[in-house]
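Peer 1: Chain residues, written in single-letter form:
There are 2 protein chains.
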Amino acid sequence: MDTDILEKTYVVGIDIGGQTTKMGIVDTRGQVLSQTVIRTDTYDDVSLYVEEVAAALEKIIRESESEGKIRGIGVGAPNGNYYTGNIENAVNLSWGGQKTIPFAELLSQKTGGLKVALTNDANAAAVGEMTYGAARGMKNFIMITLGTGVGSGIVVNGEVVYGHDGFAGELGHTCAVRHNGRVCNCGKTGCLETYCSATGVARTAREWLDMSDEPSVLRSLDNITSKDVYEAAKDGDRMALKIFEFTGKILGECFADFVAFSAPEAIVLFGGLARAKEYLYEPIMTAMNANLLHMWRNKIKIVFSQLKESDAAILGASALAWEL
Amino acid sequence: MDTDILEKTYVVGIDIGGQTTKMGIVDTRGQVLSQTVIRTDTYDDVSLYVEEVAAALEKIIRESESEGKIRGIGVGAPNGNYYTGNIENAVNLSWGGQKTIPFAELLSQKTGGLKVALTNDANAAAVGEMTYGAARGMKNFIMITLGTGVGSGIVVNGEVVYGHDGFAGELGHTCAVRHNGRVCNCGKTGCLETYCSATGVARTAREWLDMSDEPSVLRSLDNITSKDVYEAAKDGDRMALKIFEFTGKILGECFADFVAFSAPEAIVLFGGLARAKEYLYEPIMTAMNANLLHMWRNKIKIVFSQLKESDAAILGASALAWEL
Numbered sequence: 001m002d003t004d005i006l007e008k009t010y011v012v013g014i015d016i017g018g019q020t021t022k023m024g025i026v027d028t029r030g031q032v033l034s035q036t037v038i039r040t041d042t043y044d045d046v047s048l049y050v051e052e053v054a055a056a057l058e059k060i061i062r063e064s065e066s067e068g069k070i071r072g073i074g075v076g077a078p079n080g081n082y083y084t085g086n087i088e089n090a091v092n093l094s095w096g097g098q099k100t101i102p103f104a105e106l107l108s109q110k111t112g113g114l115k116v117a118l119t120n121d122a123n124a125a126a127v128g129e130m131t132y133g134a135a136r137g138m139k140n141f142i143m144i145t146l147g148t149g150v151g152s153g154i155v156v157n158g159e160v161v162y163g164h165d166g167f168a169g170e171l172g173h174t175c176a177v178r179h180n181g182r183v184c185n186c187g188k189t190g191c192l193e194t195y196c197s198a199t200g201v202a203r204t205a206r207e208w209l210d211m212s213d214e215p216s217v218l219r220s221l222d223n224i225t226s227k228d229v230y231e232a233a234k235d236g237d238r239m240a241l242k243i244f245e246f247t248g249k250i251l252g253e254c255f256a257d258f259v260a261f262s263a264p265e266a267i268v269l270f271g272g273l274a275r276a277k278e279y280l281y282e283p284i285m286t287a288m289n290a291n292l293l294h295m296w297r298n299k300i301k302i303v304f305s306q307l308k309e310s311d312a313a314i315l316g317a318s319a320l321a322w323e324l
Numbered sequence: 001m002d003t004d005i006l007e008k009t010y011v012v013g014i015d016i017g018g019q020t021t022k023m024g025i026v027d028t029r030g031q032v033l034s035q036t037v038i039r040t041d042t043y044d045d046v047s048l049y050v051e052e053v054a055a056a057l058e059k060i061i062r063e064s065e066s067e068g069k070i071r072g073i074g075v076g077a078p079n080g081n082y083y084t085g086n087i088e089n090a091v092n093l094s095w096g097g098q099k100t101i102p103f104a105e106l107l108s109q110k111t112g113g114l115k116v117a118l119t120n121d122a123n124a125a126a127v128g129e130m131t132y133g134a135a136r137g138m139k140n141f142i143m144i145t146l147g148t149g150v151g152s153g154i155v156v157n158g159e160v161v162y163g164h165d166g167f168a169g170e171l172g173h174t175c176a177v178r179h180n181g182r183v184c185n186c187g188k189t190g191c192l193e194t195y196c197s198a199t200g201v202a203r204t205a206r207e208w209l210d211m212s213d214e215p216s217v218l219r220s221l222d223n224i225t226s227k228d229v230y231e232a233a234k235d236g237d238r239m240a241l242k243i244f245e246f247t248g249k250i251l252g253e254c255f256a257d258f259v260a261f262s263a264p265e266a267i268v269l270f271g272g273l274a275r276a277k278e279y280l281y282e283p284i285m286t287a288m289n290a291n292l293l294h295m296w297r298n299k300i301k302i303v304f305s306q307l308k309e310s311d312a313a314i315l316g317a318s319a320l321a322w323e324l
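These protein sequences, in sequence, are chains R and S. Under our numbering, the residues of the first sequence are numbered 1 to 324, in order. Under our numbering, the residues of the second sequence are numbered 1 to 324, in order.
In case anyone wonders, no lab produced these hints; they're calculated from the structure. You may find that some hints are simply not true.
Note that the list lumps identical chains together, so a pair holds whenever it fits in one copy or between two copies.
Keeping only pairs whose Cα atoms sit at most 35 Å apart, straight-line, the calculated DSBU-like set for lysine-lysine is [as the list claims (entries may be wrong)]: (1) K299 x K99; (2) K99 x K301; (3) K188 x K8; (4) K99 x K249; (5) K299 x K69; (6) K69 x K277; (7) K277 x K242; (8) K115 x K299; (9) K301 x K110; (10) K115 x K69; (11) K277 x K8; (12) K59 x K301; (13) K249 x K69; (14) K69 x K8; (15) K188 x K242; (16) K8 x K99; (17) K249 x K299; (18) K188 x K249.
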């Protein structure tokens with residue numbers, strides 16, 4: 001009987017990106033029953049945006065016949081603060097900017113009082129991986145998202161680390177290169193994400209092409225992306241292969257320091273760039289083990305996300321709601 | 001009545017160092033009622049050592065009239081594993097070496113079944129500071145011990161981070177200098193503790209004296225210690241002052257990365273070198289803030305331990321026992 005009740009409970013996952021917002025209805029097994037997408041960037045005013053989100057939700061709740069069975073809503077959003085439910089100074093959102101938006105409260109009001117949990121996208125991804133994915137059963141791991149930037153979600157003793165202010169886990173902005181490091185969007189230099197994000201990989205390609213005469217299929221391209229570098233590596237292009245070696249080495253060096261902090265069972269990689277795992281895994285492992293204290297050498301796993309990429313953002317956000 | 005019962009409960013704190021072992025009886029207010037010291041390094045066999053510890057304890061329990069009122073024993077020991085109660089591969093202990101010693105179990109047997117909690121010294125210091133010292137009321141902070149080495153204890157959400165294996169928080173062995181860094185006792189290079197421990201400061205002094213002709217009172221000394229550098233700084237010696245600036249800068253740079261991990265309210269400094277706070281505070285703050293993401297700039301406190309140094313080790317270890 002208990003199982004019956006559990007199986008008939010659902011959660012909503014909402015992933016807010018700069019351009020689009022994905023949302024879906026998820027069951028206890030991590031199946032997405034129904035999903036939809038709306039634009040994020042056509043709204044200047046958050047009230048109108050929240051109304052549109054609520055309307056879209058109503059539709060997929062009806063479609064999935066889950067009326068009255070929704071346990072809560074989980075939201076992954078840039079600069080989302082778990083403690084307050086606010087989205088703070090999210091300059092990448094057209095309705096965000098230099099202000100504090102009580103997003104969880106607004107959404108709860110528009111959805112008949114459903115409970116809403118909110119955090120940033122990387123923390124949501126960590127909870128998703130722990131609930132449905134590669135980190136099931138793990139109580140200590142670090143999620144690293146390798147996308148346009150480098151995000152992170154840190155899990156200690158089965159719980160996401162939010163820190164004093166709700167914003168812990170900004171490992172993409174730890175220092176990878178101390179002297180003459182690349183300038184980061186955040187205003188600092190040498191940040192991990194300037195080297196090891198999708199944009200960082202493209203930047204490495206452009207720098208190396210400028211600095212050498214080495215032949216490479218990448219030379220013929222106008223606007224190099226990390227996907228181009230990946231395709232070139234698959235075709236055996238030497239420079240492309242070396243770019244992934246360089247990227248993996250920096251990741252591994254930084255991972256060793258992360259391990260010294262929280263002694264995780266594993267580091268879980270997710271995001272577009274993590275697709276290049278056949279080129280990243282070995283250099284990451286080699287550099288990480290070379291920089292670990294003896295007691296951790298060859299003991300820390302590097303694993304790749306097991307969530308279907310099209311569902312991952314929704315699943316991650318939805319997993320937060322099970323904890324409400 | 002409840003207060004009465006509480007005030008009549010005591011805990012034992014034991015701090016195991018390579019040379020000596022300090023132990024004391026502590027009340028709920030952090031007063032050390034009675035304490036004693038025995039040698040650690042005259043025993044090759046852990047059984048004999050544990051018997052000696054138990055005998056010394058019996059004596060101070062009698063002295064403080066706390067028979068039958070001991071709630072438990074907390075132990076701070078190198079390579080102490082909180083999860084298992086074992087001391088693992090502690091090469092600095094004459095009876096430690098390449099083996100796993102079930103220390104908590106052994107001590108419990110010899111003390112009539114008292115409960116024993118064990119962790120490493122830096123974690124014990126963090127619990128002590130949270131219970132009796134500068135971190136009272138804080139739920140998120142990082143303890144950094146600046147002694148012969150650099151140790152750390154990380155507190156997240158009111159609990160020490162032990163990680164998957166019990167050994168989390170080795171921030172002294174994160175990388176401070178990536179290229180041509182100093183060789184560390186751990187076998188790696190560039191570790192924070194090769195620069196910012198007491199021995200690291202002395203090493204900086206020797207290096208700088210070798211590399212330049214700059215006049216300094218330190219030139220006249222045979223075997224420079226960090227204390228010599230501190231005394232010279234107090235006398236206005238320019239090189240000594242610059243050594244602390246250099247040390248504080250490296251600490252601040254590394255602290256910025258630690259903040260990106262766990263977003264602590266404060267970083268608490270403890271240990272012999274922390275006595276040089278008048279020379280370390282400003283350079284730490286400047287370098288930390290220059291390397292923090294904007295949202296954390298000027299918001300993270302650097303505070304110094306408030307525990308009396310002669311009692312601190314015992315207090316830290318004893319605080320563990322309140323949680324038993």
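Peer 1: For every hint, state whether the structure bears it out.
Peer 2: How the hints compare with the structure:
no. : hint        : verdict
1   : K299 x K99  : between (44 Å within a copy, 19 Å between copies)
2   : K99 x K301  : between (40 Å within a copy, 25 Å between copies)
3   : K188 x K8   : neither (48 Å within a copy, 54 Å between copies)
4   : K99 x K249  : between (38 Å within a copy, 33 Å between copies)
5   : K299 x K69  : neither (43 Å within a copy, 43 Å between copies)
6   : K69 x K277  : neither (39 Å within a copy, 58 Å between copies)
7   : K277 x K242 : within (14 Å within a copy, 46 Å between copies)
8   : K115 x K299 : between (40 Å within a copy, 31 Å between copies)
9   : K301 x K110 : neither (43 Å within a copy, 39 Å between copies)
10  : K115 x K69  : within (13 Å within a copy, 47 Å between copies)
11  : K277 x K8   : neither (37 Å within a copy, 60 Å between copies)
12  : K59 x K301  : neither (42 Å within a copy, 48 Å between copies)
13  : K249 x K69  : neither (47 Å within a copy, 55 Å between copies)
14  : K69 x K8    : within (7 Å within a copy, 53 Å between copies)
15  : K188 x K242 : both (26 Å within a copy, 25 Å between copies)
16  : K8 x K99    : neither (39 Å within a copy, 52 Å between copies)
17  : K249 x K299 : both (18 Å within a copy, 33 Å between copies)
18  : K188 x K249 : both (21 Å within a copy, 16 Å between copies)
In this structure, the earlier hints numbered 3, 5, 6, 9, 11, 12, 13, 16 are contradicted, and the remaining ones agree with it.
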